[in-house]
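Following the hints, position chain B against chain A.
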Amino acid sequence: MIQVEHISKEFVSPKKYPGLKGAIKGLFSNEKVRKTAVDDISFHISEGEIVGYIGSNGAGKSTTIKMMTGILTPTSGQCLINGIDPSKNRMENAQNIGVVFGQRTQLWWDLPLSESFTILKEIYNVSDEDYKDRMDFLNEVLDLPEFFDRPVRTLSLGQRMRADLGAALIHNPKVLYLDEPTIGLDIVVKDKIRDAIRQINEQYRTTVILTTHDIGDIEELCSRIIIIDEGKKIYDGGLAELKDTYGTSRRVTMEVRQPELFRKIDWEEKLHADESSIETELDDEKNLFSVSFDKNRIQVSDIISSVMQISDVRDIQIQETELSEIVKAIYRHALKGR
Amino acid sequence: MNKIKRYGRLYRVLVSQFLKTILQSKVDFFIGLIGFFFTQIMGIAFLYLVFEQIPDLQGWTLDQLIFIYGFAQIPRGIDHLFTDNIWMVSWWMVIDGDFDRYMLRPMNVFFQVICEKLQPDALGELLVGFALLILSISKGVVAFHAADVLLFLVSMIAGAVIYTSVKLFFASIAFWVKQSGPFLQVAYDMANFAKYPTEIYSRAVRFLITWVIPFAFVAYLPAGYFLGQRSAFATIGAECVIAVVFWIIAYSFFQYGTRKYESAGN
Numbered sequence: 016m017i018q019v020e021h022i023s024k025e026f027v028s029p030k031k032y033p034g035l036k037g038a039i040k041g042l043f044s045n046e047k048v049r050k051t052a053v054d055d056i057s058f059h060i061s062e063g064e065i066v067g068y069i070g071s072n073g074a075g076k077s078t079t080i081k082m083m084t085g086i087l088t089p090t091s092g093q094c095l096i097n098g099i100d101p102s103k104n105r106m107e108n109a110q111n112i113g114v115v116f117g118q119r120t121q122l123w124w125d126l127p128l129s130e131s132f133t134i135l136k137e138i139y140n141v142s143d144e145d146y147k148d149r150m151d152f153l154n155e156v157l158d159l160p161e162f163f164d165r166p167v168r169t170l171s172l173g174q175r176m177r178a179d180l181g182a183a184l185i186h187n188p189k190v191l192y193l194d195e196p197t198i199g200l201d202i203v204v205k206d207k208i209r210d211a212i213r214q215i216n217e218q219y220r221t222t223v224i225l226t227t228h229d230i231g232d233i234e235e236l237c238s239r240i241i242i243i244d245e246g247k248k249i250y251d252g253g254l255a256e257l258k259d260t261y262g263t264s265r266r267v268t269m270e271v272r273q274p275e276l277f278r279k280i281d282w283e284e285k286l287h288a289d290e291s292s293i294e295t296e297l298d299d300e301k302n303l304f305s306v307s308f309d310k311n312r313i314q315v316s317d318i319i320s321s322v323m324q325i326s327d328v329r330d331i332q333i334q335e336t337e338l339s340e341i342v343k344a345i346y347r348h349a350l351k352g353r
Numbered sequence: 008m009n010k011i012k013r014y015g016r017l018y019r020v021l022v023s024q025f026l027k028t029i030l031q032s033k034v035d036f037f038i039g040l041i042g043f044f045f046t047q048i049m050g051i052a053f054l055y056l057v058f059e060q061i062p063d064l065q066g067w068t069l070d071q072l073i074f075i076y077g078f079a080q081i082p083r084g085i086d087h088l089f090t091d092n093i094w095m096v097s098w099w100m101v102i103d104g105d106f107d108r109y110m111l112r113p114m115n116v117f118f119q120v121i122c123e124k125l126q127p128d129a130l131g132e133l134l135v136g137f138a139l140l141i142l143s144i145s146k147g148v149v150a151f152h153a154a155d156v157l158l159f160l161v162s163m164i165a166g167a168v169i170y171t172s173v174k175l176f177f178a179s180i181a182f183w184v185k186q187s188g189p190f191l192q193v194a195y196d197m198a199n200f201a202k203y204p205t206e207i208y209s210r211a212v213r214f215l216i217t218w219v220i221p222f223a224f225v226a227y228l229p230a231g232y233f234l235g236q237r238s239a240f241a242t243i244g245a246e247c248v249i250a251v252v253f254w255i256i257a258y259s260f261f262q263y264g265t266r267k268y269e270s271a272g273n
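The listed protein sequences derive, respectively, from chains A and B.
Note that the numbering used here gives residue 336 to position 321 of the first sequence, counting from 1, and the numbers run on in steps of one.
Note that the numbering used here gives residue 14 to position 7 of the second sequence, counting from 1, and the numbers run on in steps of one.
One chain only, chain A, in its complex shape (with noise of 0.2 Å):
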């Protein structure tokens, strides 16, 4: 479905220097400053797919984006989209596709939401009667009834983003591109709007590629997620296989009936680990003992036993490391070269 190959984007703009001396200078000089946002980034995504696009502000998602909706003319490399080169057929490509920015919204403002439908059946050339079927469904997952009738702009954020993304499927793209569709929304609304990508994307097989911040939309949303970091594709693969490859450290919390018979012992030496892979902390008040640790290095099952033999365990809690700590990692560009 869509295909995109070593696809980068360099913005060019004139070199600027502080200062109002900076500023005449700049005028004067011919010096170009070159960001490339995209850097030769290659992937395929299968028709009825759902894929998180992932990385920090500035790291090059929205560009990207961009160069798949037809918006931005790639600098090198190209990206298909069912078959279509968005920068030579913009409009054909437009006619397949379906885009949500967040922070944007692309209905008429001062009219009421019916008349951005309108003219949205008019501009995408939908028939009467695929008209009536896509309404009737995104009316039921979107309740766009209760509001639909009021001018966009006094519309709430969330019933805006709602509007949205009906706005955005009248003429049942193929492809549907969301640019953080659950920024600045309660959790009541962002439920709704995931469950309505989850509807669209079983009913018609649409693709989905969604950018966001919110690990919650990826993790209730995504079966694949790719990473970009400084305009590079860092990781690329499912939700599970990530978390192995970098979410291996774990932590495991007991409650033991004598926590001071834990004061002096040496872990490293009695799990035979090195410092690095293992950390243990102790709650004298609520008998808490705790490990965090490599699982890669050591076994949960070594560390548990040890504890048993030391004292009687009443309760034991072991924490997998979140997607949003894997995540943090990844934006603090903690985990390169890894």
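Just so you know, the hints here were simulated from the structure itself, not pulled from any lab data.
Do not rely on the hints blindly, as some may be mistaken.
Quick list of in silico lysine-lysine cross-link-like pairs, DSSO-like style, CA-CA up to 27 Å [stated by the list, open to error]: (1) A:K189 with A:K285; (2) A:K147 with B:K10; (3) A:K103 with B:K10; (4) B:K27 with A:K147.
Values in this document were obtained by computation on a predicted structure and should not be read as measured data.
Leaving out everything else, chain B in the frame of chain A:
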């Protein structure tokens, strides 16, 4: 043919949306219209004041000048009425990234730009233009034959295309520099030279408005035909050629610009 029909239909739909929006604020609409009408009246009053001092200008009589002045207002008004949104592209749409919207829809981009807005202020220009033309005809300054009506229409359309081309060309610079409003303003203001015979200007100005920003072809030259001074071929024919050439240049430049469009960061 189907395509033309489809665009015709879309134009109706989109423009009627715009009209619905502006009719929500009727007051603004009428104040704009009245304001513009006064600007026009002032322009003519200025002309009279000048001619009270100098009864003829390099061989041109006041009546002839009024004819050229009125003649110049009509293509300007047509362009102003239909393509005013080009200004928004040069000032804001590129720098704000609002232009994204046009790139996402399955319609010609230029078409989308112009059907987003009609400029009612232009009615002032059209009204004054036609009033002055009728005045000139009634005074017998120009001899108007039946066949001339067609030539007149052709000339008006070609003139409007020249205006649009100049606007589109200078607005397109925004794709490189983000905001090209100041350039467009300077270029558009050159059109004020078109209201008078070009002979009254210095050589440099004449060269500029003939070959660089071809506003001389919009009014002065074709008016020469109706004043009975020159042949239709040398005037309106030349105007049409210039209109086509400049349109091709401006539209290609605009198309090329959309490929250089950089949008805006979130």
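Sort out which numbered hints this structure fails and list those numbers smallest first.
Of the numbered hints given earlier, the structure breaks just one, which is hint 1.
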